[in-house]
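A.B. asks: Chain by chain, the residues run as shown.
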Amino acid sequence: MTPSYSGFLGRLDWDALPITGLIQNPNANEIVANAAAAIVLVGVFVVVGLLSWFRLWTPLWRDWLTSVDHKKIGIMYVVFAIVMLARGVLEGVVMRAQQAAGPGDGFLEAEHFAELFSTHGTIMIFFVAVPFVFGIANYVVPLMIGARDVAFPRLNQISLGLTVSSGMMLMVSLVVGRFSTGGWTAYPPYTGAAFNPGVGPDYWIWAIVVSGVGTTLTGINFAVTIYKMRAPGMTFMRLPMYCWTIICSSILIVFAMPPLGVAALLLAADRYLDFHFFTNDLGGNMMNYANLFWLFGHPEVYLLVLPAYGIYSEVFATFSAKRLYGYNSLVIATMSIAVLSFTVWLHHFFTMGQSALINAVFGIATMLIAIPTGVKVYDWMATLWRGRIRFSVPMLYGLAFLMLFVIGGLSGVILANPTVDYQVHNTLFLVAHFHNVLLPGVLFGLLAAYNYWFPKAFGFRLNEVWGRVTVALWTIGFLLTFMPLYFVGLMGMPRRSFSYDDPSFHPFMMVAIVGALVITCALFSVLIQLWVSIRDREKTRVPVGDPWDGRTLEWSIPSPPPPYNFAIIPTVTDRDDFAAAKDKGAAYPTPDAYEDIELPRNTGIGFVLCVLSGIWMFALVWWIWWLAALMTVLMILAVIVWTFDDSTELTIPAEEVRKDHEAWLARVHGEKAVDRDFETSPENRGLARPDLEAVT
Amino acid sequence: MKRAPTHSYPGINLGERHASAHKATEVVTFGFWVFLMSDLVYFGLMFAIYITMIDAQAGGPGPHELFDLKSIFAQTLILLTSSLTVGLAMLALKYNLPRARIVLWFGVTLLLGISFLVLEVRDFMAMAEQGGIPQRSGFLSAFFGLVPLHGLHVAAGCLWLIVLGIQLRVKGMTDVIISRVVRLALFWHFLDLIWIGIITIVYFGGLTYG
Ligand code: HEM
Ligand SMILES: [Cu+2]
Chain A
1 MTPSYSGFLG RLDWDALPIT GLIQNPNANE IVANAAAAIV LVGVFVVVGL
51 LSWFRLWTPL WRDWLTSVDH KKIGIMYVVF AIVMLARGVL EGVVMRAQQA
101 AGPGDGFLEA EHFAELFSTH GTIMIFFVAV PFVFGIANYV VPLMIGARDV
151 AFPRLNQISL GLTVSSGMML MVSLVVGRFS TGGWTAYPPY TGAAFNPGVG
201 PDYWIWAIVV SGVGTTLTGI NFAVTIYKMR APGMTFMRLP MYCWTIICSS
251 ILIVFAMPPL GVAALLLAAD RYLDFHFFTN DLGGNMMNYA NLFWLFGHPE
301 VYLLVLPAYG IYSEVFATFS AKRLYGYNSL VIATMSIAVL SFTVWLHHFF
351 TMGQSALINA VFGIATMLIA IPTGVKVYDW MATLWRGRIR FSVPMLYGLA
401 FLMLFVIGGL SGVILANPTV DYQVHNTLFL VAHFHNVLLP GVLFGLLAAY
451 NYWFPKAFGF RLNEVWGRVT VALWTIGFLL TFMPLYFVGL MGMPRRSFSY
501 DDPSFHPFMM VAIVGALVIT CALFSVLIQL WVSIRDREKT RVPVGDPWDG
551 RTLEWSIPSP PPPYNFAIIP TVTDRDDFAA AKDKGAAYPT PDAYEDIELP
601 RNTGIGFVLC VLSGIWMFAL VWWIWWLAAL MTVLMILAVI VWTFDDSTEL
651 TIPAEEVRKD HEAWLARVHG EKAVDRDFET SPENRGLARP DLEAVT
Chain B
1 MKRAPTHSYP GINLGERHAS AHKATEVVTF GFWVFLMSDL VYFGLMFAIY
51 ITMIDAQAGG PGPHELFDLK SIFAQTLILL TSSLTVGLAM LALKYNLPRA
101 RIVLWFGVTL LLGISFLVLE VRDFMAMAEQ GGIPQRSGFL SAFFGLVPLH
151 GLHVAAGCLW LIVLGIQLRV KGMTDVIISR VVRLALFWHF LDLIWIGIIT
201 IVYFGGLTYG
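First to last, the sequence lines map onto chains A and B. First residue of the first sequence? That's 1 in the numbering used here, and the numbers climb one at a time after it. First residue of the second sequence? That's 1 in the numbering used here, and the numbers climb one at a time after it.
No wet-lab data here; the hints were simulated from the structure. Fair warning: this is a prediction, and the values are worked out from it, not measured in the lab. Note that CB positions come from ideal geometry on N, CA and C, so glycine has one too. Mixed in with the good hints, there may be bad ones.
The calculated DSS-like cross-link candidates involving lysine-lysine, where the alpha carbons are at most 27 angstroms apart (straight line), are [what the hints assert, rightly or not]:
id : chain 1 : residue 1 : chain 2 : residue 2
1  : A       : 72        : A       : 539
2  : A       : 672       : A       : 539
3  : B       : 94        : A       : 228
4  : A       : 72        : A       : 659
5  : B       : 171       : B       : 94
6  : A       : 228       : B       : 23
7  : A       : 72        : B       : 23
8  : B       : 23        : B       : 171
9  : B       : 94        : B       : 23
For the chain B half of the interface with chain A, some residues (derived, Cβ under 8 angstroms), not all of them [said to hold, decoys possible]:
id : residue
10 : 27
11 : 37
12 : 49
13 : 52
14 : 53
15 : 145
Between the sequences and the hints, there should be enough to build the whole structure, so can you do that?
C.D. replies: As structure tokens, then:
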């Protein structure tokens, strides 16, 4: 479609606001849409109001928005992910409610339902899972490898800025105009200009492109960080398992994000410039899109789940007080999965007309992934075997994961069989399968990580009781919501259907909505746990820094860590270096000498690019060409001007490092060591008593 | 004067000044390699799209009507020469020749880059006159998705040359600037490499199969 609007505001007008729809045609559907828009606006006002009330603008700018400290960037990523998670879950609940409203039309219009599953999928994958995974990695990886920062701290800030600005676009689409109805996969020609002339797919395209750039930069950053920044002595075979999974997922990003970028940009060329990559006429070929998208899409799920595997590996080892069993095989399995994940993309379109032979080849390749995954599951079980297991919150997530993930994996192997896939593709069986791997696999892992490393980040532990309640609610909610979907899927209920006629689906939908409500409670429970923990923080402080009798380097420094992480860069001699040091009684050494530490200075470039790219996307969506051009120029200028800035380093004098470190060491020696069994009591100030059973 | 060649990277003289700068450059350069790999995947996919769409001409003009091999030959020569001049800038860096020498080779590279772009745009306009516009067919979409993408990279490289040239003049040969020169050179050679892919696959391949 050739752009035909040339006005000052492009194609933006009053009809873009949901309130116009409500006035013209008041019904349940419009009310839901307006309520969502209102929530966004109220949210913005509340945040702005609170910040002004408590005079927080300056600290926010100085300590957070301009910070290049990987720890702060990590925390900002996680906060962003949790905000988006709230929206994603609520959308899931609205969809479940629509289907529970029974055979017939329910309360939503078909278009609106389609917008819901499109935003839900897009948000959950790109704005919850990815930022959450890399938020945790940002916080933890440099600490684990004994580094002072990531390889490119300023680039890190830019990545965050781009992720946040594109996430904001999804928020904006609630208030101005409409989001795409094309699902998170946005297949053309349905999302092409001929079928979808509106702004929806454009919102999708630009959010994907910009966040994709941010993610690619993150991938490069972490691949290089782990490859180049490890402390002396930390060979690859001494690298903590979690870092192995992050380096594999970073490599996946480097190779898998470009296909997504290409797919989205070519779709943009079709829509904006009337190209014919994926159109029905003039030689376009939508199968190219399917191939590009899934060349990204399949590795994507592994780049999400591998870090979760890494988290579970650390959690199982720590809370069984044992060395991780089968480390070598876990490393090999991780790498095999990373490689295999690039060979199976075609299983996402078995039914789209390629030959039986090709389907068979890709089906078998897909099933192969079950082998390394199985290896991992056995290794984890062997790690637990005869360990001194503590049923702490992260461990409970881990156990829920072990049991539920096996079911999800099995249903995946079932789907990998093309003949079966022909029967159940595009039914709720598939929806059950991927939620079964994404929730217990990815989300539980991230929540485990949140509970596990929270005391490291903030210096106090999270509330155990509410933690347990949260685990229980997520698990029960998950089972109730998604297990019924396997059955209705086998009965033939199509995915993405806003209404249905068959009354036999209805009971299952009722169970699923109950589950979705339990999941809502789980979400609230996460927030209550946080609130209660902050309230009681004096009782749960762990300044020494090792509340769980941890095994890896991040536990060997104070909680929260100083800006430079390590007063003295450690020299590593063992895989579980800190555990080994504790056993030998050599933990917490007093260094001979201190030196000046150079840290990157604050910069506003990430924030500037966040704002500019946000306006740029908005301008492109609404065809406000002058603004888009202006923003392009400004972004280029901003980067150029920024490269002229020389004063990028900040020196922390050795004297200051010495003072801080000695104060902390004094605290370590003054504190009473606690046995693991009293881990959850207020006595636990972060100094664990070394345990003779610790080494196996 | 020549310095002892204790370089991890050709053309770089940081080691003797201080090791930490050397390490920093090593990290940044490695990071840039990873970035180039990612960019290479972009191009690789665009090549793949082009190959699958060579026949999707939908009755529109094809390679035989549109491609002007003489102009392509000229562009190739220009681009290869520019790789040589960037290489000469790197040698000037390595042997500590005066800064003006590097700026000079940068200038020549910039001129070559711009002439390449001018020729390329002329080609595109000539194609358009014969109805070879991207809107005409899947084949032309694929062509215009790939070749100008390379052109855009060259344009970005030109902008980079200008900015870095200015920084060389104002700031002199600081460690940071030197490491940027190294990366710019990498980038420029990379563009050459992609161009070789374009002449073989897009032009020769197009003429053979299209
Ligand atoms: C937490 C509770 C959740 C609920 C209640 C929920 C519910 C739903 C529903 C009802 C659908 C539409 C199914 C259909 O097409 O018929 C859906 C789709 C989807 N969900 Fe979730 N979901 C939840 C969590 C998640 C999470 C954590 C992720 C990923 C990390 C996720 C990723 C997706 C994706 C990718 C789709 C496909 C969207 C599409 O069809 O384009 N969901 N979900
Ligand atoms: Cu897949």
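A.B. asks: Run every hint past the structure and note whether it holds.
C.D. replies: Structure-based check of all given hints:
The straight-line distance between the Cα atoms of residue 72 of chain A and residue 539 of chain A is roughly 24 angstroms, inside the 27 angstroms bound, and the hint therefore holds. Restraint check for residue 672 of chain A and residue 539 of chain A: satisfied, since their Cα atoms lie roughly 15 angstroms apart, inside the 27 angstroms limit. For the given pair, residue 94 of chain B sits about 24 angstroms from residue 228 of chain A by alpha-carbon distance, which is consistent with the 27 angstroms threshold. Restraint check for residue 72 of chain A and residue 659 of chain A: satisfied, since their Cα atoms lie roughly 23 angstroms apart, inside the 27 angstroms limit.
Between residue 171 of chain B and residue 94 of chain B the alpha-carbon distance is near 18 angstroms, which keeps this suggested pair within the 27 angstroms criterion. With a CA separation close to 9 angstroms, the supplied pair residue 228 of chain A and residue 23 of chain B stays within the 27 angstroms bound. Pair hint residue 72 of chain A plus residue 23 of chain B holds up; C-alpha atoms about 25 angstroms apart against a cutoff of 27 angstroms. Distance restraint check for residue 23 of chain B and residue 171 of chain B: the Cα-Cα separation of roughly 21 angstroms lies within the 27 angstroms cut-off, and the hinted pair is therefore satisfied.
Using a Cα cut-off of 27 angstroms, the hinted pair residue 94 of chain B and residue 23 of chain B holds, with the two alpha carbons roughly 17 angstroms apart. Interface hint status for residue 27 of chain B: upheld, as the beta-carbon distance to the closest one in chain A is roughly 5 angstroms, under 8 angstroms. Nearest Cβ of chain A to the Cβ of residue 37 of chain B: about 6 angstroms, under the 8 angstroms cut. The hint holds. For residue 49 of chain B, the suggested interface contact is upheld, since its CB lies about 6 angstroms from the closest CB of chain A, less than 8 angstroms.
At about 6 angstroms, the closest approach between the beta carbon of residue 52 of chain B and any beta carbon in chain A falls short of 8 angstroms, and the interface hint on this residue holds. Annotation: residue 53 of chain B was flagged as interfacial toward chain A, and the flag holds, the nearest CB pair being 7 angstroms apart, inside 8 angstroms. Checking residue 145 of chain B against chain A by beta carbon gives a least distance of about 6 angstroms; that is within 8 angstroms, so the hint holds.
The structure is consistent with each of the numbered hints, conforming to all of them.
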